[in-house]
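Chains as they are written, first to last, in this note's numbering: chain A, 179 to 431; chain B, 179 to 431.
No lab work stands behind these hints, which were simulated from the structure alone. A couple of the hints might just be wrong.
Which copy is meant is left open, because identical chains are indistinguishable; a pair holds if it fits in one copy or across any two.
Stated by the list, open to error - Quick list of in silico lysine-lysine cross-link-like pairs, DSS-like style, CA-CA up to 30 Å: (1) Lys227 to Lys381; (2) Lys355 to Lys329; (3) Lys265 to Lys348; (4) Lys203 to Lys427; (5) Lys233 to Lys263; (6) Lys265 to Lys381; (7) Lys265 to Lys233; (8) Lys427 to Lys355; (9) Lys263 to Lys381; (10) Lys348 to Lys234.
There are 2 protein chains.
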Amino acid sequence: MPNILVTNDDGINAPGIAALVDVAKQFGDVTVVAPDSPQSGQGHAITLKNPLRLKKVSVFTDIESYQCDGTPADCVKLAKYVIFKDKPIDLCISGINHGSNASLNIIYSGTMSAAMEASIDGIPSVGFSLDDFAYTADFSASKLVAEQIIKGMLANTVTTGNLINVNIPKLPYSQIKGIRVCTQGDGRWEENFQEGTDPHGGKYYWLTGEFHLNNHDPQSDIIALREGYVSVVPSWHDLTNQKALNSYKFLES
Amino acid sequence: MPNILVTNDDGINAPGIAALVDVAKQFGDVTVVAPDSPQSGQGHAITLKNPLRLKKVSVFTDIESYQCDGTPADCVKLAKYVIFKDKPIDLCISGINHGSNASLNIIYSGTMSAAMEASIDGIPSVGFSLDDFAYTADFSASKLVAEQIIKGMLANTVTTGNLINVNIPKLPYSQIKGIRVCTQGDGRWEENFQEGTDPHGGKYYWLTGEFHLNNHDPQSDIIALREGYVSVVPSWHDLTNQKALNSYKFLES
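Whenever a hint applies, use it, and build me the whole structure from the sequences.
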């Protein structure tokens, strides 16, 4: 039985992680290490200034589970070096996130950072996200998709890359057209801070915004989602812009 | 005079940002928007659940400055959409970080996330880091390096890519061999959590670790630093692992 680590960024009590645990337990020995509170937008934050607490909990029936007061990346570091000290992690799955992590959203995503944190050590890792922010989102189609992906990941040895960003459209399973391997869509957020005054007279700015696509590349994850496909983007932690290497030669000395 | 946004992740009172402001003011109209407290390891975290506060402060003589209670990425979002609402940002510089952000450290780095947040909107952006974690680090050589880089960035139009990760070795200026354009070094952290018991009897884990290089690629930033060069890595926010696109075709349906 493969050892499967399940984590997320919406917190251990979110419906999305319950859905993922439910699927994963068919395929292996599942251990959950997840944040004790919602951590959306935490990106790849890690906790350096403060100690971390790890608490064994009984959130899922017959599943060894721990909650941690740190970030999603902290959870995976603790899983790798404390919980899985003496046994390998054969697969790390993160999610199912309430909300899309396609395109640029990957850089802000705790879900994907958790998966990336495992992949850095060579662990096959998947971040799953459903394109629906609602707490009460319907994960039934996502569970069937996750089943296919987890089955595929456990059956196939991948020699190049071990991290994928999976986004699932908000559709009934019968209307999902299939799974497509994609590139990260080129988009950006146009922020629109909500300005206000708090009860004590202090001015505040509250982050909100609208996502815009820079182009409609048919190979991109965003377009796949819009066309009713599940998008799979092979991703990694090397941020070198290879195409730009020659552009900065003028700085050399 | 170009408009230059200066930010960092060590907080507006860190010596590193004072060094950077000191250099930048020779070249343009400087505005500082930086966190009100240290934010190391914040990665690309953004604040969604809480409002942000922006306070005009007098930290630097004759320089318009604001401190923000959010993350480095929050600071740049507020700069772009609130402070620079009616004027362009011609250059965003972040740092000078107390500590290296070479290799894998870019993904945990608030310094680089701040610069990346600006670059997403097409703003030429530079993250500067000195390979010395000390609060009392000597920034005199780094200031001369920053001067060269800022001068170069303002004088040259780059058509591909607009974000660079600059790391400076801990050496006197006379011993720095030059500036080298590099790729992101392939490395990882081997964690070694310090376990302890707090004054209330609670068990804790405190993150610490050692950095290991996976190889000694001579084109990498880490090797450049070790050889006494300043490393410049053109970076970006597209995390697609292009080489792995074909590896996952088995998932398609």
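Hint by hint, where does the structure go against what was stated? Just the numbers, ascending. Hints 3, 10 contradicted; others consistent.
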